[in-house]
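Student: Hey, can you piece these two chains together into the complex? The hints should help.
So the sequence lines, in the order shown, correspond to chains X and Y.
Read in order, the letters of the first sequence correspond to residues 1 to 732 in the UniProt record's numbering.
Read in order, the letters of the second sequence correspond to residues 1 to 55 in the UniProt record's numbering.
Possibly wrong hints are sitting among the right ones.
Stated by the list, open to error - One side of the interface only, derived from the structure: several residues of chain Y facing chain X at Cβ under 8 Å: (1) 8; (2) 18; (3) 19; (4) 23; (5) 24; (6) 35; (7) 39; (8) 43.
Claimed, not checked - Examples of chain Y residues toward chain X, derived with CB under 7 Å: (9) 7; (10) 15; (11) 17; (12) 21; (13) 22; (14) 26; (15) 33.
I should point out that these hints are in silico values taken from the structure, not numbers from a laboratory.
Here a beta-carbon is modelled for each residue, glycine too, at the ideal position from N, C-alpha and C.
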Amino acid sequence: MRLTRDFSHYVRTAGEGVQHIDLAVEGVHCAGCMAKIERGLSAIPDVTLARVNLTDRRLALEWKQGTLDPSRFIDRLEELGYKAYPYETESAEATEVAESRFLLRCLGVAAFATMNVMMLSIPVWSGNVSDMLPEQRDFFHWLSALIALPAAAYAGQPFFRSAWRALSAKTTNMDVPISIGVILALGMSVVETVHHAEHAYFDAAIMLLTFLLVGRVLDQNMRRRTRAVAGNLAALKAETAAKFVGADEISQVPVAAIHPGDIVLLRPGERCAVDGTVIEGRSEIDQSLITGETLYVVAEHGTPVYAGSMNISGTLRVRVSAASEATLLAEITRLLDNALQARSRYMRLADRASQLYAPVVHAAALLTILGWVIAGASWHDAIVTGVAVLIITCPCALGLAIPTVQTVTSGAMFKSGVLLNSGDAIERLAEADHVIFDKTGTLTLPELEVTNVADIPADLFEPAGRLALSSHHPVAAAVAQAAGARSPIVGAIEEAGQGVRATIDGIEIRLGRPSFCGAEAEIGAGAGADLDPEASIVAFSKGNERVILSVRQGLRPDAPAVIAALKARNIGIEILSGDREPAVRAAAHALGIPEWRAGVTPADKIARIEELKQRGAKVLMVGDGMNDAPSLAAAHVSMSPISAAHLSQATADLVFLGRPLAPVVAAIDSSREALRLMRQNLWLAIGYNVLAVPVAISGVVTPLIAAAAMSGSSVLVMLNSLRARSSSRETL
Amino acid sequence: MEILVILVPLALMLGGAGLVAFLWSLRSGQYDDLDGAAWRAIADEEPQQEAPVKR
Numbered sequence: 001m002r003l004t005r006d007f008s009h010y011v012r013t014a015g016e017g018v019q020h021i022d023l024a025v026e027g028v029h030c031a032g033c034m035a036k037i038e039r040g041l042s043a044i045p046d047v048t049l050a051r052v053n054l055t056d057r058r059l060a061l062e063w064k065q066g067t068l069d070p071s072r073f074i075d076r077l078e079e080l081g082y083k084a085y086p087y088e089t090e091s092a093e094a095t096e097v098a099e100s101r102f103l104l105r106c107l108g109v110a111a112f113a114t115m116n117v118m119m120l121s122i123p124v125w126s127g128n129v130s131d132m133l134p135e136q137r138d139f140f141h142w143l144s145a146l147i148a149l150p151a152a153a154y155a156g157q158p159f160f161r162s163a164w165r166a167l168s169a170k171t172t173n174m175d176v177p178i179s180i181g182v183i184l185a186l187g188m189s190v191v192e193t194v195h196h197a198e199h200a201y202f203d204a205a206i207m208l209l210t211f212l213l214v215g216r217v218l219d220q221n222m223r224r225r226t227r228a229v230a231g232n233l234a235a236l237k238a239e240t241a242a243k244f245v246g247a248d249e250i251s252q253v254p255v256a257a258i259h260p261g262d263i264v265l266l267r268p269g270e271r272c273a274v275d276g277t278v279i280e281g282r283s284e285i286d287q288s289l290i291t292g293e294t295l296y297v298v299a300e301h302g303t304p305v306y307a308g309s310m311n312i313s314g315t316l317r318v319r320v321s322a323a324s325e326a327t328l329l330a331e332i333t334r335l336l337d338n339a340l341q342a343r344s345r346y347m348r349l350a351d352r353a354s355q356l357y358a359p360v361v362h363a364a365a366l367l368t369i370l371g372w373v374i375a376g377a378s379w380h381d382a383i384v385t386g387v388a389v390l391i392i393t394c395p396c397a398l399g400l401a402i403p404t405v406q407t408v409t410s411g412a413m414f415k416s417g418v419l420l421n422s423g424d425a426i427e428r429l430a431e432a433d434h435v436i437f438d439k440t441g442t443l444t445l446p447e448l449e450v451t452n453v454a455d456i457p458a459d460l461f462e463p464a465g466r467l468a469l470s471s472h473h474p475v476a477a478a479v480a481q482a483a484g485a486r487s488p489i490v491g492a493i494e495e496a497g498q499g500v501r502a503t504i505d506g507i508e509i510r511l512g513r514p515s516f517c518g519a520e521a522e523i524g525a526g527a528g529a530d531l532d533p534e535a536s537i538v539a540f541s542k543g544n545e546r547v548i549l550s551v552r553q554g555l556r557p558d559a560p561a562v563i564a565a566l567k568a569r570n571i572g573i574e575i576l577s578g579d580r581e582p583a584v585r586a587a588a589h590a591l592g593i594p595e596w597r598a599g600v601t602p603a604d605k606i607a608r609i610e611e612l613k614q615r616g617a618k619v620l621m622v623g624d625g626m627n628d629a630p631s632l633a634a635a636h637v638s639m640s641p642i643s644a645a646h647l648s649q650a651t652a653d654l655v656f657l658g659r660p661l662a663p664v665v666a667a668i669d670s671s672r673e674a675l676r677l678m679r680q681n682l683w684l685a686i687g688y689n690v691l692a693v694p695v696a697i698s699g700v701v702t703p704l705i706a707a708a709a710m711s712g713s714s715v716l717v718m719l720n721s722l723r724a725r726s727s728s729r730e731t732l
Numbered sequence: 001m002e003i004l005v006i007l008v009p010l011a012l013m014l015g016g017a018g019l020v021a022f023l024w025s026l027r028s029g030q031y032d033d034l035d036g037a038a039w040r041a042i043a044d045e046e047p048q049q050e051a052p053v054k055r
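Chain Y extracted, bound-state conformation (with noise of 0.2 Å):
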């Protein structure tokens, strides 16, 4: 049972990472428009010149 004594601290670190990682993403902003995100995922990049069209 001795092994208790690295897998809990682990598993919480493991979570507290995961809390870390919200909050921070959270105080940059990630969250104020959540409308805009959803749409700049697919959002074109600049308009390309013609490209060619391969087959």
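Isolated chain X, as found in the complex (with noise of 0.2 Å):
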């Protein structure tokens, strides 16, 4: 059969000859990962650059023109056991790269001029209270001028842009205030300036838009990364297909050019990109993507299989009955947006705390100056004192309280294993009282662990797991990692469906279905009796030795701590699974949890948790699987391990790593601390406020006050932040 694969479409020409193609890889976590790819691939001749990007999971790939043919790095990387799908840059992406390199940018020019017009400013406090010369100040009055205004013209886009925006749309947000404040302050510091007067703002002016650029720069580059995320997720699902165009002529087409009704082949270790059905072949596909559930399946003809399903054993030729649009995994990606939507009607705190903010603050600015003027006052004297109010109460430190506690509590949760996908996830999971636990792969691990092992003579145990060395299949996975075998046995034959088997001097071994060793007697007799009915049934023989193995998903090894830590907390548990019902009972018998449900639907349970809801509970999902996705973003907030299928992870606001579920508490405690530093940060901001108000009221602020007491607070807020990197790491 002969196939040609096309990816012309993702293939750019990058200057002179070269060309550049970018690959979202799965699976890249490390530093190793990192040098392993790399190494690999600039060993191909040709090859100018191989750099990948370990923030956002992708490669970049540049190599001389003509002379390579992409497909081979997919190859490559296949070999070095990365899945890579060429990545095309989405535009929302590619908006949200710019706004960050431009708010840095921002952040760049605004840090250029504080640091220049306090340069200036300093002589000039001083000066004033010895002797500097009225020319000398002026002079620098005007050198701060040239520094600020156009630094601030650039640097204050974000700000007065978003206020544009918002007061175009008749509302306000925490920039109309900023915008409003600076604008103020300089261009009363230039009619000052033109006075000859003693005061000019525009230090404060500048120094506030790079402190309110460092939170916006924080926020930004967590919203990034989620992004990434999701563009690597489009890629996944870009996916080609082998279509027969002949006979026996297959070719890679991507799969918007598949219509229903056409062939497919779909080969071992490929995942299949069309819902179908098996009109040929036999073998074994993983459906864990859709159903969670990680045992295989077997197909063979009139099976259908869905879209996301990955084929394991055997080539199957796959007739098409949805393609694209209409697929299993093209519906649950439309539910997902759906409830997605819903959540962004979340209203962040700080949202909540601008619009207490700008109405009080500009009213006390009024009545200032109205106060002033019925109180004689000139109206020049009057409006200055009004602006100092603004400057004094712009919302510096306001800015900074929410940005910095979510920096510092990602990295803190980065520590005990929890990756955040969102920055407000913070704040909503410090609200959870419900958690809802999908069991497979979520309470229990996501490989399967052989369960009696003290059972098996050693010197069965060994040759078993050599054998099991030459099988794709997850149980002969299990029984090769608990044999502790390295070397696979030469020969080893695999029969699709059965097991494997293989001469070692002169008696054959089998390694598969009970029947396939000829052991069915085992099973009923002693070592079977006692076997948990879950578990999956492999048998082992040779010669005329027979032994049964007994291969089942574990639970995480820390989640009964787990259950008990969450109930000390008061927190509501229950387990909503699309398993069977004894596996989910066994499983919550286990770990003590009274509520459960089994055999539940994806559109049930978000219907449960819809019910939860209106009971006013705030739910946090946790669960794995693809059919999870669309309840995890229904749910208030929600978790995933690490090895989720990708659609999960981008939707949950968390991901964690590793074996133990201890992150799951250990979240939702940095999670409550950080809520009750932000709220701290709050009132700090607010009781500074307080103070300043009356006296920048009163009418006694001078430019030195103004900048002290802003860097005060906002130093202040940042310290307080720092707390949550410090909080206890207590969990169980």
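Tutor: Here's what the structure looks like:
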């Protein structure tokens, strides 16, 4: 069979005779992966650049034009153990990246201006109380204006634009008081400089922008990371399929070019991109992405397969019943979009604070002006005082109060094995009072383990493990791991759906279904009697010796402790699983969770979450399968293990790493601490204003006082945020 | 006070140089992969062929 693959859509020319492609790579987690991939691909002749971006999990490749086929890179990556997909930058993500660069540029400009204006301001402040000549002061003020005005015009853009958008839409946000404050401060300072006045507020205005930009950059960085995950997900979905274009000729085409009725070839290790029915071949398929069940399902003539399933052992021909738009995967994605939309209505703490803030401050400034005029001051002095009120109340500390805590907390969470997908997840997680767990892959470990290792004679276990290395089956992988096998047996033959066999020292050994090994008798008697009904049974035979191995998904080692810790925190717990009843019952019983439901569909899960919402519960959903993705999005806040399907990972607000379940509790604790600190920060910022406003209204504020108060409150808020780092980590 | 004529432009130039350096580093993509860059600094070079241990 001839096969062609066409990636030309994704390749672009990058300068003279060099071509460039971006790949989204699955499974890159550490520096080791990074080095392995870069070395592996740089070793290909004519490759001029191979660079992994660990933050985005992407790989940029460049090579001399016309020398290499991009499919070769994908093959090479597969040999190295990574799945890669050609990646096309989405417009949403490109905007986000451009935005984050723009914010950094603004921050650079503002910081530069702040430092230089300060350098000019400090001599003025000290000169005002000693012997500075008015001409020198004016010269310094003009220089400050020269630096601050263009810098503020540039670095203030993010605030001005956002304020303008809000005002055009007849609403208000935090950026409105910021913009008004900055513009008034600068305008007034210019007027004062022209009139040879003693005080100008260029330093305060530009410093305010700098502090606020720090908050914006921190916030943006977190958002950008989420976008990258979502973008990789899009690359995973933009799949191709091997379509039969002749009786014996296939072509690798994008899924968009496949129509119902077409026949596609599904080879071992390939993910199915369409929904359809098997018309020829026999294999096992992994539907864990769709149903959450990790045990493989046998596929033969007539078996339906869905987009997202992975073919494991044999080659299948599939007649397409629905392509791209109409697949189950697309259906789940659609459910997901709806749920996400609902969640975006959540009102962040910062927004709530700003809605109260703007009217109060502006009213205070206006009243100050009127008050001074009534008291007999000149309009000029009254306006100067009013502007001083606006400057000193500019929400500098308020703008930092939340992003700084978020950033420090996300760092602390990372240390305890939790990654944050969205910034406001911390606030929502802190409110959670009811946890729904999925069972498979969440409460249980994603991989299988052999439960009756102790009953198996070592001299049989060792060859069984080595033989298991020759099979792709997950049960075999569990046997191989349990036996600690390293070297596979040469010449082992795998029979699809049955098992593996080989001959060693003239004796035939078999591993697989009990019937394949002639071990049906052993299941009923002795060894098999006390085996768990949920376990998968495999048999091993060596000559006439036979042994039964029981393989099952174990609970995460610390699951009972985590459940106990959650109960101690007065959090409601239940299990909603798509798995069969006995399995769920056993898990619930072992963990002491009275509330559980089995055989639940994705729609049922959402219904249950809605029901809890009605009752006023804030639900934390912890799940891993693609079937969980919509309910993850529907819940108040959600969490997935890192082993989860991509879609769930991208949907979940938080992702946790490793075998233990403890990060769930750790994350709840950190987020509660973080919420406490955010509230404290807001109170600190408000308290500062309460102290500063009377001073400003009384008209004695000098630029020195404004600058000291502003940086003082900002530094105080930042220091308070840092406490999130040292919060106690005794979770269990 | 004539020294100001030299010192002030000098200070501004130094600050400006810092700004230009920052904008250059931003443009050349040095802030694109902060996670990766942290590891690259301590990554091993190509594995060496059993270098004799010196004591």
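Student: Hints numbered earlier in the text: which of these fail when held up against the supplied structure?
Tutor: 5, 9, 11, 12
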